[in-house]
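Peer 1: Numbers given in the numbering used here equal positions in the sequence shown, counted from 1, plus 144.
Calculated directly from the structure, the hints in this document are not laboratory data.
Built from N, CA and C at the ideal position, the CB exists for glycine as well.
There could be a bad hint or two in this list.
[Said to hold, decoys possible] Computed beta-carbon distance windows for the label pairs:
#1 Val-311 / Met-378: 16 to 24 Å
#2 Phe-499 / Lys-234: 39 to 47 Å
#3 Ser-399 / Lys-336: 48 to 56 Å
#4 Asn-468 / Ser-399: 29 to 37 Å
#5 Val-410 / Ser-339: 14 to 22 Å
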Amino acid sequence: MGQLHYLWLRRHQAFDSYVEAIIIVLQVLMTLWKLWIFTDSQDIMHDMTQSVQNSQILEDLEIFNLDLKDKHKIINEICQILKQSWMDIKMQLLVLRMTVFAICSWYSGCSLVINIRNFWFNSLEGNFYSQFPFPASFPIWYGHGHRLLAFIVEYFIITMEIYLATVASITYSAIFSVGSVHCLTLLRVLRKLISYSTTDHVPPEVRVKYMEVCIKLHQEILKFCNELNSLYKMSTLGLFAECCLVICMLTFKASLDVGDEKFFAVKVALYLSAALYELIVFCINGQRISSESDLLPFAIYDCLWYNEDSQFQFLTQIMILRSNHSIAMDAGGLARMSNVTLSTIIRSSVSYFLFLRNCM
């Protein structure tokens, strides 16, 4: 509400005077969309995170019940893959929290310090100048009641917007990060299990059953990836569009005001790092899943399947046919979460930025 009224009051001014307010409006709209997704899909998200936390798909795997030779070696290698995946998740979540907290703390902290300083030095003179964390204007209390009390209420509303944006951004991206890395881990575990399918670790009499369990694991991986994709399919399209516009307008604003406003370059750098890293979480993890799934048919073909019986060869052929279809995370059915999409978004942002610069 505050940002919309701010834009309305400056509708006849130059575009660069209210660019930051437009960025905040886009961020608020995306925050509301993320909160709606959490409300609408909280049961699915809870079940998915519980499955990842407990490694439920691997716990239910029947391979560990088969009579294998040196079973502990296979289990240790799988545990090592899981350990690496959790280290990957922790690193991604750490960087995500740092980038989001940095820009949100900058908005909240700078305005708080400035307001305390202004109140301390200017309140006795009666010319106290209040500053919000970001551009906003509230018409409701104009001319009514105590000015400082009205400012406290307005400041609280804006601070809650920052808090909700922080929670929504971290939670939304973190759940996808955890789910996508888990998909990647399951694919790596499957590839490792297939590499043992024709070795001495798997006796010939259980190899057919072993391959059947690998096929079931592949089916569970596809099911989990489809659930993750359906959960984020439409919302990521809006996220990509919002990040593209935010990066464009941030660079446009920076090209005009970096030399004029104090510490403005720091704010732009923090905001860009948060927007870019959120894109990276989705695009890079989506690319990693696709690349890992592309390696699966080669791993199946590289095992010594041609020395096995006809039933094992038939299962191998079925597995190759099923795995030839690459697993891909979609964004609204219009693009894949991949390195190509990431570079396309950045190129589009630069193109829009140049267009705005040429219009000035």
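Peer 1: Which hints, by number, does the structure contradict?
Peer 2: 4 and 5
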